[in-house]
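Chains A and B supply the protein sequences, listed in that same order. Under our numbering, think of the first position of the first sequence as 1, with each following residue one higher. Under our numbering, think of the first position of the second sequence as 1, with each following residue one higher.
By construction, these hints were calculated from the structure, which means they are not laboratory data. All of these numbers come straight from a predicted model, not from anything done at the bench. We treat Cβ as the ideally placed atom computed from N, Cα and C, and that holds for glycine. Please note: incorrect hints may appear among the correct ones.
[What the hints assert, rightly or not] Some chain B residues flagged as far from chain A (calculated, every beta-carbon gap over 10 Å):
{"hint": "1", "residue": "A10"}
{"hint": "2", "residue": "A13"}
{"hint": "3", "residue": "M86"}
{"hint": "4", "residue": "P100"}
{"hint": "5", "residue": "A139"}
[Unchecked claim] Straight-line C-alpha distance at most 25 Å; calculated DSS-like pairs for lysine-lysine:
{"hint": "6", "chain 1": "B", "residue 1": "K129", "chain 2": "A", "residue 2": "K126"}
{"hint": "7", "chain 1": "B", "residue 1": "K131", "chain 2": "A", "residue 2": "K72"}
{"hint": "8", "chain 1": "A", "residue 1": "K90", "chain 2": "B", "residue 2": "K126"}
{"hint": "9", "chain 1": "A", "residue 1": "K102", "chain 2": "B", "residue 2": "K141"}
{"hint": "10", "chain 1": "B", "residue 1": "K146", "chain 2": "A", "residue 2": "K102"}
{"hint": "11", "chain 1": "A", "residue 1": "K97", "chain 2": "B", "residue 2": "K126"}
{"hint": "12", "chain 1": "A", "residue 1": "K97", "chain 2": "B", "residue 2": "K129"}
{"hint": "13", "chain 1": "A", "residue 1": "K206", "chain 2": "A", "residue 2": "K174"}
{"hint": "14", "chain 1": "A", "residue 1": "K97", "chain 2": "B", "residue 2": "K146"}
{"hint": "15", "chain 1": "B", "residue 1": "K17", "chain 2": "A", "residue 2": "K90"}
{"hint": "16", "chain 1": "A", "residue 1": "K102", "chain 2": "A", "residue 2": "K126"}
{"hint": "17", "chain 1": "B", "residue 1": "K59", "chain 2": "B", "residue 2": "K126"}
{"hint": "18", "chain 1": "A", "residue 1": "K90", "chain 2": "A", "residue 2": "K174"}
{"hint": "19", "chain 1": "A", "residue 1": "K72", "chain 2": "B", "residue 2": "K129"}
{"hint": "20", "chain 1": "A", "residue 1": "K215", "chain 2": "A", "residue 2": "K173"}
{"hint": "21", "chain 1": "A", "residue 1": "K97", "chain 2": "B", "residue 2": "K131"}
{"hint": "22", "chain 1": "A", "residue 1": "K97", "chain 2": "A", "residue 2": "K72"}
{"hint": "23", "chain 1": "A", "residue 1": "K215", "chain 2": "A", "residue 2": "K193"}
{"hint": "24", "chain 1": "A", "residue 1": "K193", "chain 2": "A", "residue 2": "K174"}
{"hint": "25", "chain 1": "A", "residue 1": "K124", "chain 2": "B", "residue 2": "K153"}
{"hint": "26", "chain 1": "B", "residue 1": "K153", "chain 2": "A", "residue 2": "K126"}
{"hint": "27", "chain 1": "A", "residue 1": "K16", "chain 2": "A", "residue 2": "K206"}
So the chains spell out like this:
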Amino acid sequence: MNIIIDRITKEYGGRKVLDVDSLDLNEGAFCGVIGPNGSGKSTLLNIIAGLAEATSGQVFYEEYGMTEPPLKRMTMVFQTPYLLRTTVEKNIAYPLKLRGWKPQDIDNRIRELADELGLTDFLKHKNWSLSGGEAQKVALARALSFRPELLLLDEPTANIDPATTAEIERMLKKTNEEGTTVIVVTHNLVQAKRLCKETLLLNKGKVVEFGPCEKMLKNPENELTQRFIAGEILI
Amino acid sequence: MDVIAEGFKAAIALLLKGDAQLYEIVGLSLGVSLCSVAISTFIGVPLGALIGTRDFKFKNALLRVIYTLMSLPPVIAGLLVFLFIMRRGPLGSLELAYTPTAMVIAQVCLVTPIITGLTYNIVREKADKVKNIAVTLGAGKFEVLKLLLSELKIGILAAIVTGMGRSLSEVGAVMIVGGNIKGKTRVMTTYIAQLKSMGDYSTAIAVGIVLMVLAFLINSFLYNYQQRDERL
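Required output: the full structure, derived from the provided sequences and hints.
What follows is the structure in structure tokens.
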């Protein structure tokens, strides 16, 4: 799914927290959104997800003129996963039931995802019995169950062990290779380098630099980007 | 101590013997409480959920009123309802005074704010997370509401059970609007108050035991439901 951002701003109590002039992401993009805390990364993601309204400007989905987020074809994974008070398999089945999938197809899709994410032994477990990493894998499996065309992720591997992070990253790469546009907010530059095709650096709500990930992380054009990558604190 | 021990013995004998009047009073108590809690649930749960999920003008003022009404003294609720339904009141022509209907109305006034306030608190705490998950997974408005109710059902059930407890144990309001008329509006709490003033402690203890057993059963139901929900 193409995403076109056209002069969006977001204000909280008169304070501008986001001011993005324009940004185009083509279908199949894998964009990492990086930047210090409070730079507007999550706000941008929430606006694209339809969870927050921009104070001004528009996000177009697919093409110009399409301003309503196509919620049945996109999804989001949060930093802290919220699982429904039920079993792992019922959590994964939830979006499929919303879309009227047949029980047999739901069952097949659950087994397929559980196999890929190492969740087969947990399918009958209740949500509260899972560790943080297992819960995040379930949240990812649930989000991917209906094969979304746009996948938004807000720091999906923060506080998760390296092995689980690797499983999640492998799944994200595979999903992107199958054509899904992925936008991930991350603080982990190494992760951005491993996963992303494009990188967007935000600072104080504004775009500092946007471009191919490899190039931006190796030879950044902007001085602020150079300082951020060098580990300097941007004030 | 002897009076209490004697009272307990007599009470158990009375319960085992099976007193028709006692059972009638228990039946009316349950009927009035269940009716009022059902109506309060019907009003309070959606209202609490609505306030918890929406931002609107005067929301804080409305919440202050609801919280104040949660601790509304029963005699005041009873008095207000009575002023409306007494013969000279605006609804006097309906002849509701000293009827079980009047008792239900008074209890609805007491229980609705409790269920509304508690539901609001539960919804406010978790609603945003549930709503965000539902929306991002493709749920429509009705499906979001359905998921909210399903995710918050234990908390909402606890709010309803709290309302039931208040309703069963309440005496002031039902005394004022019902009048404790034998065979018509006499319920367990008003009966205990009357028996105490008559010095009939054994019957008062017997009714008290029934009241406590009912409270225990209601809370056991909630506890069992919670346990079963976690085992599923």
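Hints versus structure:
No beta-carbon of chain A comes within 10 Å of the beta-carbon of A10/B; the shortest separation is about 48 Å. With a cut of 10 Å on Cβ distances, A13/B stays outside the contact zone with chain A, its closest approach being about 47 Å. Every beta carbon of chain A lies more than 10 Å from that of M86/B, the smallest distance being close to 48 Å; the non-interface claim holds. Taking the minimum C-beta to C-beta distance to chain A, about 38 Å, the non-interface status of P100/B holds against the 10 Å cut.
Not every beta carbon of chain A lies more than 10 Å from that of A139/B, the smallest distance being close to 6 Å; the non-interface claim is violated. With a CA separation close to 18 Å, the supplied pair K129/B and K126/A stays within the 25 Å bound. About 15 Å separates the Cα atoms of K131/B and K72/A, which keeps this hinted pair within 25 Å; it holds. Restraint check: the Cα-Cα separation between K90/A and K126/B comes to about 20 Å, which is no more than 25 Å; the hinted pair holds.
This hinted pair checks out: K102/A and K141/B have alpha carbons roughly 22 Å apart, not beyond 25 Å. At roughly 21 Å between alpha-carbon atoms, K146/B and K102/A fall within 25 Å of each other, so this suggested pair holds. Of the pairs offered as hints, the one joining K97/A and K126/B holds, with about 23 Å between alpha carbons and a cut-off of 25 Å not exceeded. Simply put, K97/A and K129/B have alpha-carbon atoms about 20 Å apart, close enough for the 25 Å limit, and the pair holds.
Only pairs whose Cα atoms come within 25 Å are accepted, and K206/A paired with K174/A is rejected, the gap being roughly 31 Å. Pair hint K97/A plus K146/B holds up; C-alpha atoms about 13 Å apart against a cutoff of 25 Å. About 52 Å separates the Cα atoms of K17/B and K90/A, which puts this hinted pair outside 25 Å; it is violated. For a cut-off of 25 Å, the pair hint linking K102/A to K126/A stands: about 23 Å separates their Cα positions.
Restraint check for K59/B and K126/B: the C-alpha separation of about 18 Å stays at or below 25 Å, so the hint holds. Note on K90/A and K174/A: the hinted pairing holds, with a Cα-Cα distance of about 24 Å set against a maximum of 25 Å. A threshold of 25 Å between alpha carbons decides the hint, and for K72/A with K129/B the separation of about 19 Å falls inside it, so the pair holds. With a C-alpha separation of about 19 Å, the suggested pair K215/A and K173/A falls inside the 25 Å cut-off, and the hint holds.
For the suggested pair K97/A and K131/B, the alpha carbons sit about 17 Å apart, so the restraint of at most 25 Å is met. Restraint check for K97/A and K72/A: the C-alpha separation of about 12 Å stays at or below 25 Å, so the hint holds. For the suggested pair K215/A and K193/A, the alpha carbons sit about 10 Å apart, so the restraint of at most 25 Å is met. Under the criterion of a C-alpha separation no larger than 25 Å, the hint pairing K193/A with K174/A is consistent with the structure, at around 16 Å.
For the suggested pair K124/A and K153/B, the alpha carbons sit about 21 Å apart, so the restraint of at most 25 Å is met. Restraint check for K153/B and K126/A: satisfied, since their Cα atoms lie roughly 17 Å apart, inside the 25 Å limit. Distance restraint check for K16/A and K206/A: the Cα-Cα separation of roughly 10 Å lies within the 25 Å cut-off, and the hinted pair is therefore satisfied.
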